[in-house]
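Student: Protein chains in written order, with UniProt numbering: chain A, 1 to 328; chain B, 1 to 328; chain C, 1 to 328; chain D, 1 to 328.
Keep in mind that the hints were calculated from the coordinates and are not lab data. Source: prediction; values computed, not measured. Misleading hints may appear alongside valid ones.
It does not matter which identical chain is used: a pair holds within one copy or between any two.
Claimed, not checked - The calculated lysine-lysine pairs, modelled on DSS-like cross-linking and capped at a C-alpha distance of 27 Å, are:
#1 K87 / K288
#2 K87 / K54
#3 K211 / K62
#4 K299 / K310
#5 K94 / K310
#6 K211 / K310
#7 K78 / K214
#8 K118 / K7
#9 K87 / K118
#10 K78 / K310
Number of protein chains: 4
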Amino acid sequence: MTNKISKIAVLTSGGDAPGMNAAIRSVVRTCAYHNVECIGVYRGYQGMIENDFKEMGPRSVKDIINKGGTVLKSARSKEFMTVEGRKQAYENLKNQGVQALVVIGGDGSFTGAEIFNKEFGIPVMGIPGTIDNDIYGTSHTLGYDTALNTVVEAIDKIRDTASSHNRLFFVEVMGRDAGHIALNTGIGAGAEEILIPEEDLGLERLLDSLKRSKESGKSSSIVVVAEGDKIGKNVFELKEYVEENMPEYDVRVSVLGHMQRGGSPSCFDRVLASRLGVKAVESILEGKTNYMVGLLNDKVCLTPLEQAIKGSSEIDKELLRVSDIMTI
Amino acid sequence: MTNKISKIAVLTSGGDAPGMNAAIRSVVRTCAYHNVECIGVYRGYQGMIENDFKEMGPRSVKDIINKGGTVLKSARSKEFMTVEGRKQAYENLKNQGVQALVVIGGDGSFTGAEIFNKEFGIPVMGIPGTIDNDIYGTSHTLGYDTALNTVVEAIDKIRDTASSHNRLFFVEVMGRDAGHIALNTGIGAGAEEILIPEEDLGLERLLDSLKRSKESGKSSSIVVVAEGDKIGKNVFELKEYVEENMPEYDVRVSVLGHMQRGGSPSCFDRVLASRLGVKAVESILEGKTNYMVGLLNDKVCLTPLEQAIKGSSEIDKELLRVSDIMTI
Amino acid sequence: MTNKISKIAVLTSGGDAPGMNAAIRSVVRTCAYHNVECIGVYRGYQGMIENDFKEMGPRSVKDIINKGGTVLKSARSKEFMTVEGRKQAYENLKNQGVQALVVIGGDGSFTGAEIFNKEFGIPVMGIPGTIDNDIYGTSHTLGYDTALNTVVEAIDKIRDTASSHNRLFFVEVMGRDAGHIALNTGIGAGAEEILIPEEDLGLERLLDSLKRSKESGKSSSIVVVAEGDKIGKNVFELKEYVEENMPEYDVRVSVLGHMQRGGSPSCFDRVLASRLGVKAVESILEGKTNYMVGLLNDKVCLTPLEQAIKGSSEIDKELLRVSDIMTI
Amino acid sequence: MTNKISKIAVLTSGGDAPGMNAAIRSVVRTCAYHNVECIGVYRGYQGMIENDFKEMGPRSVKDIINKGGTVLKSARSKEFMTVEGRKQAYENLKNQGVQALVVIGGDGSFTGAEIFNKEFGIPVMGIPGTIDNDIYGTSHTLGYDTALNTVVEAIDKIRDTASSHNRLFFVEVMGRDAGHIALNTGIGAGAEEILIPEEDLGLERLLDSLKRSKESGKSSSIVVVAEGDKIGKNVFELKEYVEENMPEYDVRVSVLGHMQRGGSPSCFDRVLASRLGVKAVESILEGKTNYMVGLLNDKVCLTPLEQAIKGSSEIDKELLRVSDIMTI
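Excised from the complex, chain A in its bound form (with noise of 0.2 Å):
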């Protein structure tokens, strides 16, 4: 391994995801053992511009695998949109001595890594961090896993209340451009109907599959609903076209929010954490750039970051047929 590298920076933008810690636990460890000093940049892009550094060594990492959020925390930066705050954030870390970058977030924050890096020449290395798992060039974001686990072990808890009481529940969850949590955590949770934006299903329908539902016998139904306006109305306003159109239905909306973005990473997340922040570093010794690492059949691999900013993440259209037929 031909190794100029001496000082790499890590940080962490956008929508935190549980795993992120880990991923900076590798990163900070795959450096050391690699003799390679490590710093922590905090709250994402601004905190380059504003000199908010941190040395990092195996040590200050420890006791942070399984905890959610990101102890480098995460931040927008307006001033990184600029050319001046691109160039005093190079400047900063050019005072650190820093000669690579490590970023782990969305695709959104790929793309001020790869603007960076065009403008500055400094390699920069994409991990990919965010529940909804909407990004091209891995089957797995970071926090996904846990998200769909959060998700389904809320829904676990609505399906006791509703099953008591023969109610209908609308549940939201996040994904605003990406079904895959609603569509994983529907067939997951045994939801009646799954509403996601890839695919509309328009309200016709949704009242015929409710219909059929309650003829075959089920008493209560959950249907799972991906945040967003693609789908045409937002959950609150499904709920009141339902009781228009089905008024022997007692309708209940549960908003699962934020909480689907925290808690303690699934084993999944810490190991794929892992293994990515190992592939991150040591793709940056070996001379690589602008790429994300990202897993593909189960093995850790690299994707150009132009690439991953641009291609989607489709969804896995086996799955909608399965979904199908679960709610038979």
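Based on the hints, put chains B, C and D in the right spot on chain A.
Tutor: Structure of chains B, C and D alone, referenced to chain A:
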């Protein structure tokens, strides 16, 4: 024990709560222990009117002690509010040979039981089951302890994301008329402020408190809010108010909703349900009627139903003080 | 889809695993979706011999997707190892009109299925259900992902007490012949060392590693050990060995045991079970036999039963390296 | 409040328990609330001898209320059992300006505190922290409620596999001298039998009970056993005994072990810890010494340390009866 009762019916009524199944199990098994027959009534009072009964023995309640919800289901019954409805219910019970009734529910359900007893003389015994802990005559209602843990676990997750982003979160928890859940989970989750119906904090004091929080070095804050309009504004209005007055804050709202009602009961709720079920059945067999069984000073005890209905469950002022000190 | 099969039986065999109920549900509902009858066999092959069958429709599998264990129960069957036993089983199936068999279990169960098919020609399809993940032809067996989370959550708790007391803990996890659970949970729980049957670390290297740990400033350590005697010493002998050689350590042992087999399945296991059940039934309806359905490269696929039985599921060498780097 | 105390030290001692961190946080913040300085002592009494102190303010205890274990760590101290050791400890406290001491631990720790007070006159206050709930003067010790939930969740998992295989499980839980954990979790987990040190069931009665269980139609059984040899046989000997006498049973053993000591504290334990910390500090400031703070009849109260040490915490006989009835 003089025992002329040979058949007892049990039902769950009102909002479901974790521990109701454990209580049903306990009633059924205590009946079997004393060689008394037991039948379950489905869907509360409405099931009594519609003859929706099921014979229950020790094996028919196996593997339910750890389940949320109620296997007997629950429902509102408008018919039971009429004399005709109650008469029909009584006729049905008589036809089944039922000589006493155990009602698991809240004070609305107990009111129904009391009227039913006055009109038809059938012995009734109440078991307090509601997550709100708003019933006089017991330090704990069934489901309350479980709900506290559910809420605290959810807020722990929200705090992960709150502190990663330096955000202020308003978290709405259940408890329309009683702040028990908000007060205890607020302390348990380390909330910076707690808004409950019993104490009018006032919006200005809320602002002051948040400002002090910020000055004391806290970068994120959780405010736990009891649902209901008794604090003047709902949780979304609170968000707007704070955003207007403290624009530096990124404010979010999370309404925990019905997941608070479900889930596997805590050990405490399972043991309490077992104890209350035994006491309810044995009190009936001792010839008592029109009582609610409850827990006071860690001992199982009886409170006249009338008192349980009329009395109110006060917030412990000591806890308000503890909360104040903890948020320094 | 050419479909001459009109009735399918499903059973669970061998050690139970979370997700088995979700797989039963999927098999039953996929049958209903294709208008094929389905019967459940209780207690595995032994139930086939003893005529222990139950007709199953879509509603008979409701509310089981989130339950651990198997509603069809599982058992060892010595009789099924004899020709007479298998003949009786076949006669019973024939009397029921059963034309194909889905077996949910591990490779022992698959061996039985293969022999049964050879002797009587009845189509069989296997679904891999075991927490050990030791089956060739699938990246994940049912229950494996759930077990990983169960183990990691338990070790998180043990670490609380380990680090409060500066102790060394040996934690024994399941996996007699395969180190998948130990390796992944060891990484996931941040273990200082991992002992698996596939890799002979040697006791001296273990001591070296623990000494390095101590020198690097770690005050407490977790060593995850796969059960079985392939690493030379069991977990209690390891404790003695380390205590003799590193008397400064307060060493404790924790054998996680059978709780690893239970619990509500993770979202991943529920979705996987749903997918595999669909694939199993539809493959039978397409005229296929003697396959195991599995997941490879995130896609549902078929592997000949014979290969699934004979092949072995290899440890990913990359993970060993990641583990090494993480414990720096 | 007459207040001549201006600096208080706090330490944790003995076995760690969930809620200890919440108690440390409460002690520190209550000190700050009353403008009293607070220092933490690491590793219990040993840290006092070794001058292992840390100044603590409100922000130094943030984000620990939900953590298991103890951030101040705990240790056994042989030196503190000598006059010289205690003298050194006292000198160190005096040099720090410490005027009072809060000890979070069990009765062994309280004995040390009492002797220390007698010898040097420094005011001491105890907070009961141990999962065993074996301390006189409080209905609940810190960590007990959390441990009950941890155990019940583990047995729920074991029951999944027990009932899938029609097995008998002996589950050993903590509580060397006190059966509180075994009795409550036995009821909570629906165990068929509970063996505790306070009640000598006798092996024959155990066999009778298991036979009755089997005859009544139960196909699997859980027996919860308190650790310790007071019931004559340990859990592995019990297994052998039953296998010899009931060869039809497939008997398994599970020793839950140290995971019972860890984990995020329940809401109850967090609130209790907060209350006890306030009471401990304010009692010191009121001039009291040599008390343990505790909870009796849901109210925070004081018990002389001497009584807390000598008295014993009795099993509630009502619970034994409830347990009997539930296993019909």
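Student: Each hint should be assessed against the structure and marked as holding or not.
Tutor: Status of the hints after comparison with the structure:
{"no.": "1", "hint": "K87 / K288", "verdict": "within (23 Å within a copy, 62 Å between copies)"}
{"no.": "2", "hint": "K87 / K54", "verdict": "within (20 Å within a copy, 41 Å between copies)"}
{"no.": "3", "hint": "K211 / K62", "verdict": "between (53 Å within a copy, 18 Å between copies)"}
{"no.": "4", "hint": "K299 / K310", "verdict": "both (22 Å within a copy, 24 Å between copies)"}
{"no.": "5", "hint": "K94 / K310", "verdict": "neither (30 Å within a copy, 57 Å between copies)"}
{"no.": "6", "hint": "K211 / K310", "verdict": "neither (40 Å within a copy, 42 Å between copies)"}
{"no.": "7", "hint": "K78 / K214", "verdict": "between (51 Å within a copy, 23 Å between copies)"}
{"no.": "8", "hint": "K118 / K7", "verdict": "within (20 Å within a copy, 57 Å between copies)"}
{"no.": "9", "hint": "K87 / K118", "verdict": "within (12 Å within a copy, 67 Å between copies)"}
{"no.": "10", "hint": "K78 / K310", "verdict": "within (22 Å within a copy, 58 Å between copies)"}
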